[in-house]
Each structure stands twice: as C-alpha cells, then as structure tokens.
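Novice: Respectively, the protein sequence lines represent chains P and H.
Under our numbering, the first sequence has 109 at position 108, and the numbering climbs by one with no breaks.
Under our numbering, the second sequence has 165 at position 176, and the numbering climbs by one with no breaks.
It is worth saying that the hints were derived from the structure and are not from the lab.
Treat the hints with care, as some may be off.
[Said to hold, decoys possible] Now the in silico label distances, taken between C-beta atoms and shown as ranges:
1. Ile175(H) - Tyr301(P): 27 to 37 Å
2. Lys(-6)(H) - Leu151(P): 23 to 33 Å
3. Gly24(P) - Asn25(H): 55 to 65 Å
4. His124(H) - Gly102(P): 45 to 55 Å
5. Glu215(P) - His124(H): 55 to 65 Å
6. Ile21(P) - His124(H): 12 to 22 Å
7. Leu173(H) - Pro257(P): 53 to 63 Å
8. Ile218(P) - Asn89(H): 29 to 39 Å
9. Lys(-6)(H) - Thr162(P): 40 to 50 Å
10. Thr169(H) - Arg10(P): 14 to 24 Å
11. Lys54(P) - Tyr60(H): 36 to 46 Å
12. Lys56(H) - Glu270(P): 22 to 32 Å
13. Leu7(H) - Asp211(P): 31 to 41 Å
[As the list claims (entries may be wrong)] Subject to a maximum C-alpha distance of 20 Å in a straight line, what follows is the list of computed SDA-like cross-link-like pairs (lysine to any residue):
14. Lys8(P) - Thr169(H)
15. Lys6(P) - Asp151(H)
16. Lys228(P) - Leu86(P)
In this text, a Cβ means the ideal position worked out from N, Cα and C, and glycines have one as well.
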Amino acid sequence: MSVQKNKSRMGFIIILPSLILIGIFVYYFIFWTIRTSFSNWNSFSSLLRGVYKYVGFRNYERIFMDPRFQTDLWNTLFFTLFFILGSVGLGLFLANLIDKGIKGSRFFQNLFLFPMAISFVVTGTVWSWIFAPGNFPNDPQGLNLLFKKLGLEKLQWMWYTSSESIGHFNLALIAVIIAAVWQMSGYIMAMYLAGLKAIPEEILEAARVDGANERYIFWKIKMPLLKPITLSAMIVLGHVSLKIFDLIYAMTGSGPNNVTDVPAIYMFELTFRSNKYAMGSAISVIMLLMVAVIIIPYLYSSLRRGVSS
Amino acid sequence: MTKTKLIISYIILIIISLFFITPFYVTLITSFKSLNEVSIATMWNFPKHFSLEGFIGAYKKLAPNMKNSFYLTIPATIISAVLGSINGFALSKLKFKYSNLIFALILFGMFIPYQSVLFPLIRFFQKIGLYGTIHALIIIHVIYGIPITTLMFKNYYEEIPDELIEAASIDGANLYDVYTKVLLPISIPGFVVVAIWQFTNIWNEFLFAVTVTNNPAKQPITVALVNLAGSQVVEWNIQMAGALIAALPTLIVYIALGKYFIRGLLAGSVKG
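Sequences are here, hints too, so could you generate the full structure?
Specialist: Laid out in structure tokens, this is it:
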C-alpha cells in the first residue's frame, strides 16, 4: 500500500515541471492575452509606458464592426466548410479505393500521404505559382496556360485574385481550398484506412452471404462503424482551418479586397505590423474561443471514453 | 473484382495521382532550369538544358537558414521526446489523484491557436533577453510540444502490461531503474514515432519562426523561403529549388521511415 502511495507521489512529482510550464506558457499567457484585449495598448508608445488602462469591450466592438474582420469570419466559415468536405470526401474515397488491396495500392497510399511531410509554406509557395493567372487569354500563366494548351480556354480564371463571390463566399478561396485539400486529404485517408482495417472481416462476410451488395455494405455497415473516425477527422480539420495562417500567408496573403484574408492574417498584421496589440489580442481571443468550442467537448468525451475503457 | 472494375479503379487512381504529382512536377522541372529558360510560356515544359543555377542560387541564400533549422529542430526534438517519455511514464504507470484532469489540462495546450499566447510570449522573451534567438524557438517548441509527446508516449506505455513494472518493483528496483532498465529499452519504436513527428512539425513550423526571430540571419528556413518570394523580381527557378531544399529533410524522413510517420499521424488524433 505504501509502495503504491509512494509511486503516486512520484508520478505527481515527475509531471509537475511540465504542468508548471504548461500553466505558465498556455494558461497564464492566455490570461495575459485576454487582459491585453481589454486594454488600450494600440500603439507602441502606450505599450512602452506600460500603464494598463482597462477599456472594456471597446476593442471587440471595433473588431466586430470592422468590415475586414467580418470578411475574415465569412472566409473562415466557407474555407472550413469546403476544406472539411473536400478532405473528408477525397480521403474517404481514396481509403476505399486503396482498401481494395489492388496491386500497387501501397505506392498510391504513400503518394497521397507525402504532402503531409511538407510544410504549408512550401505548399503555398508552389501552388501560388500554379494558380497565378497571368494575363489570360493571350499571355496566361500556370494552370491557365495548361488549359490553353489543352484547348480548354473556357476554364481559364482569375483564381485567387478573383473578386467574384456567391453571397458571402469569395470564390478566390477555391484555389486556397484546393491547396489545403491537397495537403491534408492523405492524412484523412490514413485515418479511414486504419478504421477500415479494424472492421472484422466476419461482419462483411456475413453481409455478403445475406446477399448485400457492395454499396449497401459501404453505406449501411462500413460508414456507421467509421463514424468516430469521421468525427475525429472533422475535429482535426476544423481546428486546422480555424487557425490557418502559413498556407495563406505564403500563397496569397490577404488578396485584393481581403478575398483570401483570415483572422490569423489580420491578427498578425495588427500585432506585428501596426502595433495594435490590444486589437490583435482581441482577435486571438476570438480564435481561441472558436477552437475551444469544438475541442473542449471533444477532449471531454474522448478522455471519458478513455477512462471507462 | 471484375476486370473492368479493376481498370476503372486504376484510371481513377492515376487521375488523382496527377493532382498530387503536379506541384511536385512543376517544382522539379522549374528548379532545374536556368533563369533564361524560366519563362511563363514554357513553365510546363521539361527543361531543355539541365541547369543547377537554381539550386546553387537557392543554396547560397538558404544555407544559413537551413543550418538554423537544424540547430533548432534537432535539440528541440530530442528534449521534447525525452520529456514526453518521462511524462508518459508518470501518467500511464504511476497513476495518481487527478491524473486524468492534469492530462486533460496539458492536452488542451496542443489545440490552442498559438496566436492566443504569442504576444505575452514575445514580451517574455524580450524581458529575459532571448528574443530573436534560436534558443527561444527551442524553448518554445519543447514547451508547446509537451502535450503531443506526452499523449503519444502515454498511449504507447499503456500497451505495456503493468505486470512488467510490478515484477521489477518486487525485485527491488526503484522507479529510476524501472524506467531506465525496463521501460526505455522497449521504448525505441515510441521514440522513433515521436521524434519523426516532432522533427517534421518543428522543421515545418512558421508562425513562431516568423514572429520570434526578426533577424534574417537567425531565421529558420520556412521564413527564409517566404522572404525569397518577397523580393522584387521573383527568380522562379531559385524559388522552386528553395522549396525543394526546404522540404528535403522531412521528405527524406518520410521516405525512409514512412511507417512510423503514419503511426505518429494517427496518434495525433487523441484516441486514434
């Protein structure tokens, strides 16, 4: 019994340094950011003076009234929506193709996953060149040039410099979404592949004996069993897209009229280019809240499941 | 599967492969062109003459930053893997009161948008005089790496039966011996997975890199690569060669140790 007690005490002592570091660098710093977001530190001199003046929700009011931030929120919404749809759709489709175990599927699996080893910065750099529109139709660049060569001039488009929109959906985001799906769908494929491998062959055999066709097996047997993976995939992709920064910074920046702007880019410019620390902090807090809304329930339920199993 | 279905499967796979290969193809052919040959009109064509101009140019500009990235990534990876292993040991084998709550509190740190700690973090490093240094980035990646490395090792050690630990304890081994003599020798695959994960993420990281290091000579390669594109005339062959150079270390790790890389990816989604 006392050995057990000693072990428990040691466990706590071992974890303590990390807990303190996380306490300071995560929780205390978040508190500090929140505090800053309620201050008047919107110039370098006000920060230098170091006098904290509480201004209530003024920074949040300014941010939410700011047309650029409103655009950012719409962009985040549509980016998240289509990024998740695209990555989950393509990932699931690829996982099923590869799970059939045809010759060479190992090669294709590795190919689809390799973008995960590359940084968003490299991805953004390369795709920005591919999607650069050039002066089409006469002097096109990138994909537009390829379309010209293939006689598909009709498909030429402004890509990420386009100012077209459907409702609040800025179509320039399509190029960024394609790059993001290119990067992440292999990851989702790997998650689904692991899930498909875990489905006992007997269940599928039994269904086949009962005369179920492949479509029925996919939608009525496999998909319900893959539900937890779909949820995990959506959480992973969702929190990536709410925070997205590097890809857009390297690929397009804010774009004309902020067509590809997102909160992280605006936060970066406010804090590090315009010295509006309090406004930048307000955006950070809003981003944190958006992420927390999806992460806390997810952590809560998956840890509870972990405890009970 | 019927033959037609098989053929259709291959056709679909090949079409999708084109989507995945295209950026790689463009990068590769462009980086082997000389600046004279890099023109918009021929961007999809194979280089007529192979030229190393792009690579030489990119290497000249990026070599110091590449070195910075290695100085940053290697120590940060090693330290955070060791820390994760110790934490994982404590949380899986030395269960204590509230250990699940503490684990959850630590884990939350890996999901936060780092923007929400960035301003205080920079003020902190300015105050202690480490702002703008590689050391600051090492500290940052070690600390913010705690949640993921702890999670990975905790899951890894939970697969190891408790009896193994208990047997050693009965034999009179203290905790230090249990950890170093029993657990560590069977932790190597765990270390490989965690190290690959951390290496890839730290190497590829951009937000901390661009905000914490302001001096171009101190910046990691991701920042330097973006700055290449920011210059007036973009020399695309250099730019693409630079992208390739920046991606090379993690690509090599992926090609050599892909199996472990995938394991890390799957462990990253909490319960997997």
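Novice: All the hints need checking, so say for each whether the structure fits it.
Specialist: Evaluated hints:
1. The beta-carbon spacing between Ile175(H) and Tyr301(P), approximately 32 Å, falls within the hinted interval of 27 to 37 Å.
2. A hinted range of 23 to 33 Å for the beta carbons of Lys(-6)(H) and Leu151(P) is consistent with their spacing of about 28 Å.
3. Here the CB-CB span from Gly24(P) to Asn25(H) is close to 58 Å, well matched to the stated 55 to 65 Å.
4. For the pair His124(H) and Gly102(P), the beta carbons lie near 49 Å from each other, so the given range of 45 to 55 Å is met.
5. Checked against the hint of 55 to 65 Å, the pair Glu215(P) and His124(H) passes, with Cβ atoms roughly 57 Å apart.
6. About 20 Å separates the C-beta atoms of Ile21(P) and His124(H), a value consistent with the hinted range of 12 to 22 Å.
7. A hinted range of 53 to 63 Å for the beta carbons of Leu173(H) and Pro257(P) is consistent with their spacing of about 56 Å.
8. As the Cβ distance of Ile218(P) to Asn89(H) is approximately 38 Å, the hint placing it in 29 to 39 Å holds.
9. Roughly 42 Å separates the CB atoms of Lys(-6)(H) and Thr162(P), a value that falls within the hinted 40 to 50 Å.
10. For Thr169(H) and Arg10(P), the Cβ-Cβ distance of about 19 Å falls inside the hinted range of 14 to 24 Å, so the restraint holds.
11. Between Lys54(P) and Tyr60(H) the C-beta distance comes to about 41 Å, which sits within the given range of 36 to 46 Å.
12. A C-beta distance of roughly 30 Å is found between Lys56(H) and Glu270(P), which places it inside the suggested range of 22 to 32 Å.
13. Separation of Leu7(H) from Asp211(P) is about 39 Å and conforms to the stated range, judged on CB atoms against 31 to 41 Å.
14. The suggested pairing of Lys8(P) with Thr169(H) holds, with an alpha-carbon distance near 16 Å, which does not exceed 20 Å.
15. Proposed proximity of Lys6(P) and Asp151(H) is supported: the alpha carbons are some 16 Å apart, at most 20 Å.
16. Between Lys228(P) and Leu86(P) the alpha-carbon distance is near 15 Å, which keeps this suggested pair within the 20 Å criterion.
The structure is consistent with each of the numbered hints, conforming to all of them.
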